[in-house]
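Position chain V relative to chain Y; hints supplied.
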Amino acid sequence: MSRSKLSIVWVAMVVVIVLFFFGSFMLGRYPIGPWTVVRILAAQIFDIPHTWTDTAETVVMRVRLPRIAAAVLIGGALSVSGAAYQNLFKNPLVSPAILGVSAGAGFGAALGMLLRMNGWGIQSLAFVFALVAVGASFLIGRVFGKLSIIVLVLGGTVISAIFQALISILKYWADPIDTLPSITFWLMGSLAKVSNGDIWMALPFIAVSMLLMYVMRWRIQVLSVGEEEASALGVNVGRIQAIVVISATLMTAAAVSIGGIIGWVGLMIPHVARMLIGPNFQQVFPLSLFLGGAFLLAVDTVGRTVGATEIPLGILTSLIGAPFFILLLAKVKRGWA
Amino acid sequence: MSLVVERLSFGYTNKKQLEQVSFSMGEGESVCLLGPNGTGKTTLLRCLLGMNKVARGSVTLFGKDIGEISAAERARYIAYVPQATASVFPYKVLDMVMMGRNPHLSAMSSPSAKDRAIAWEALEMLGATRLADKSFVEISGGERQLALIARAVAQQSRILIMDEPTASLDFGNQARILQIVRRLVRTGYAILMTSHIPGHAFICSKAALLKGGTIRAFGDPEQVITEAGMSELYGVPIKVLNTGVAERSGQTVWACVPLLESEEDPDAKPASPAVSRDDGHAEGANTNKRREVTTG
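As they're listed, the protein sequences go chains Y and V. Counting in the working numbering, the first sequence runs from 1 upward without gaps. Counting in the working numbering, the second sequence runs from 1 upward without gaps.
Bound-form chain Y, shown alone (with noise of 0.2 Å):
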C-alpha cells in the first residue's frame, strides 16, 4: 500500500463520514435543511440566535442525534470486533458473534420483556447475558482446551446453540399479541427507540474498549500469524488474546444490548476495509472503525427514509451490505482479503 492511495482512502473516508454524518440529520419525515442542521448543532456550544423552531431543534437534538450517534457507534463497535476477532482466531469468516455475544443478548433482552421490565432493565439484562454467553465460552475453552482457540470456538458455537434454544422457549411461552411481536423485532435490531441515554450507557464500554485495543493493535497484527509464531515472536499470546475477547465482547454486549442484534457488519467490515488498504491490523482497525460507522448510519438513514414504516436494520444490512460486498470483490478482483 503506498502512502499516496492510503491517505486518498482516508481522505475520501472523512469525507463520506461528514457527508452522510450531516445528510442523515437532514433527512427524515421531518426535513430539515442543512444550514439550519449546523445552527442548531453550534447552539449547544456556542451562543447563536434562535431562528429555527422548537419542533427542528427537538427532532435534531432529541430524534436524530442519539440515532446517529448510535448507528455510528454500534457500527463502529462491531466492524472493529470483527476485525480483532478475524486476527485472533485466523479466520477471516469469523463475526463478533462468534463467542456467544449476540445470543446471550438475545436472551437476556427476551427475558427482561417477558418479565415486563422497563428499557434500561432490559438492556441491562441484555448485557449481562452477552457477558454470561462469553464468559461460558471461555471457561469451555479453559477447562476442555486449555483456552486452545479451535475448542474456544467450538465453546461459542455450544454456547450459542443453547442460547439460541432458550430464545425459543422464551418466544414460546410469550404472549403472542405484544411481548412476542417486541421480542421478534428486537432480535432484528433497530436503532428506532435509542434515547440519548442509552448513548451515555454504551459510550464508556465501547470507548474504554477501542482504546485497549488501540493500544494493543500491533500485538494484535502480530497475533494474526498463528499463536505458535506469536510466541517466538515474544508475544504474551494467552495476555492478547484475553485482551482481545475481554474488549470485543464489552464492545459488542454494549452495542447489541442498545441496539438489538445486528449481523452482517462485523463480518463485512473488516474485509472491505482490507481489500481497500492490505491486510495490517494497524490501518484495518481505524479503518474498519469509520466504514463501520459510516455503513450503518447510511443503512439506518435507508431504512427510516425509505418506505412508510421502518424497514429493521438488522434485515437492512444484509439486503443492502451483501450486493454491495459482492460488487465490491467483483471490482477488487483479489479474492478474500
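These are calculated hints, taken from the structure and not from any lab test. Any given hint could turn out to be false.
Interface residues of chain V toward chain Y, partial, derived using beta-carbon atoms under 7 Å [claimed, not checked]: (1) S58; (2) T60; (3) E68; (4) A72; (5) V88; (6) Y91; (7) M99; (8) N102; (9) M108; (10) A113.
Computed beta-carbon distance windows for the label pairs [claimed, not checked]: (11) S168/Y x D170/V: 50 to 58 Å; (12) S4/Y x K114/V: 21 to 29 Å; (13) T157/Y x S140/V: 32 to 40 Å; (14) S4/Y x G244/V: 32 to 40 Å; (15) M51/V x P323/Y: 43 to 51 Å; (16) K5/Y x E6/V: 37 to 45 Å; (17) V137/V x T309/Y: 45 to 53 Å; (18) S4/Y x G127/V: 27 to 35 Å; (19) N91/Y x S140/V: 34 to 42 Å; (20) K331/Y x S140/V: 27 to 35 Å; (21) E264/V x A330/Y: 52 to 60 Å; (22) E121/V x V208/Y: 52 to 60 Å.
Simulated pairs of lysine-lysine, DSSO-like, Cα-Cα distance not exceeding 30 Å [stated by the list, open to error]: (23) K146/Y x K64/V; (24) K64/V x K239/V; (25) K146/Y x K15/V; (26) K206/V x K90/Y; (27) K206/V x K53/V; (28) K134/V x K146/Y; (29) K134/V x K331/Y; (30) K64/V x K92/V; (31) K16/V x K134/V; (32) K92/V x K331/Y; (33) K92/V x K90/Y; (34) K211/V x K53/V; (35) K114/V x K90/Y; (36) K5/Y x K53/V; (37) K16/V x K5/Y; (38) K331/Y x K5/Y; (39) K64/V x K15/V; (40) K53/V x K90/Y.
From the three backbone atoms N, C-alpha and C, an ideal C-beta is built for every residue, glycine too.
Just chain V now, kept in the frame of chain Y:
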C-alpha cells in the same frame, strides 16, 4: 554456551514424549536434529521455544532459565523459522519481516522507521529485497522460506530454531537455504535445525539423533551419521557414501542412500538392494538423495 538443555523430560503422565534429553550449542555452532516421524522432534522444538512448559529438566538460554523470562526476553535470545507461516492474511513480505522486531518494542508501541530499516537490512542480507513489496500469497515456497528466515534475522536473536527449513522445497532452493544456514552460522548464529534428509547433517557442526524421545547419539556428523546408526534410526537399510567430492573448502562430501528391496526378482535375497553396493549407483529417488548433499 548459547543453548543448554539438561535432562529435559516432557510428556503427559501416560505417555512420555521426551526422556532425559541433554545437549548444548554454542555461538557459531549448528546442530542437525534427525529422527523418524513422531519421535519427539517437534515436542523438543516447542520446549526450546517456550510453547511447551518445561516441567522436568531445564532449558537455558545464555545462562537464563527459559521458564523465568518473559516471552519478549525469550524472543530476543531465540528465534523460530517455521516450515510455513500459519498466517491467513496476505501480508507484504516487508511487513512480515517487520514482525520480527516485535520483541524489541515496548508493550504499547508499533515499529518505527528504525525497525523498518532493520527489516530491510535483513532482506538485503539474504538477497531478497526484490520481495519486499510482494504479497506472501504471490511468492514461491523458496521465497517464503527466505522471508521467514529474514524475519528471524530481523529479530536479532543469536539462536535460530529451524523446523525442516528445506521441507517441500525444490532441489535448487534446498541447496540455497542450506547455503544460507551455513552462512548464518559463520556470522556467529547458533542454529538448531531439523531435517528428514540425513545428508543435511554434514553441513552442521553437530548431529543429534532422536528416537523414542531420547537422544541416541550426539556429536560430530562424520562420527554420528554411520550406516549402522542411520539404519537403526530409520529402520531401513541405509548406505553412507563418501562421494569423493571435495569442495573448495577441502571437506569431503557424504551422501546417505536408503536401500530399497528389489521388486522385480522374487528369488532375490530379502535385503537385496535395488542399488549395487559396490559402485553406489542408484536410480530414481536414490539419485536425488545423493546429489542434494553434494550441493550442500
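Query - Per-residue hint verdict: M99/V, partner chain Y, C-beta under 7 Å - result: M99/V check passes; min Cβ-Cβ to chain Y is 5 Å, inside 7 Å.
Query raised in the report: Taking 30 Å as the top limit, are the C-alpha atoms of K64/V and K92/V close enough?
Result: Distance ~35 Å between K64/V and K92/V Cα, so the pair is violated.
**Report entry** Holds or violated: K92/V to K90/Y, with C-alpha atoms at most 30 Å apart
**Finding:** holds (17 Å)
Requested in this report: Would you mind confirming whether the straight-line C-alpha gap from K64/V to K15/V stays at or under 30 Å?
Outcome: Holds, at roughly 29 Å.
Query raised in the report: Per the hint of 27 to 35 Å, is the separation of the Cβ atoms of S4/Y and G127/V within bounds?
Result: holds (29 Å)
Query raised in the report: Keeping to a limit of 30 Å between CA atoms, is the pair of K206/V and K90/Y held or broken?
Result: Answer violated: K206/V to K90/Y is near 37 Å, above 30 Å.
Query raised in the report: Once the shortest beta carbon distance from S58/V to chain Y is found, is it less than 7 Å?
Result: Interface hint status for S58/V: violated (19 Å vs cutoff 7 Å).
Requested in this report: Could you grab the alpha-carbon distance between K53/V and K90/Y and see if it respects the 30 Å cut-off?
Outcome: With Cα atoms ~24 Å apart, K53/V and K90/Y stay inside 30 Å; holds.
Report task. Take a look at whether the Cβ-Cβ distance between K5/Y and E6/V falls inside 37 to 45 Å. Result -> Cβ of K5/Y to Cβ of E6/V: about 54 Å, so the range 37 to 45 Å is violated.
Requested in this report: Assess, step by step, whether the Cα of K92/V is no farther than 30 Å from the Cα of K331/Y, and give holds or violated.
Outcome: Between K92/V and K331/Y the Cα gap is close to 21 Å, so the pair holds against 30 Å.
Report task. Given the hint of 32 to 40 Å, check if T157/Y and S140/V actually sit that far apart at their C-beta atoms. Result -> Between T157/Y and S140/V, where Cβ atoms are some 37 Å apart, the hint holds.
**Report entry** Assessment of proposed distance window 52 to 60 Å (beta carbons of E121/V, V208/Y)
**Finding:** violated (39 Å)
Checked against the numbered hints above, the structure breaks hints 1, 2, 3, 10, 14, 16, 19, 22, 24, 26, 28, 30, 31, 36, 37 and satisfies the rest.
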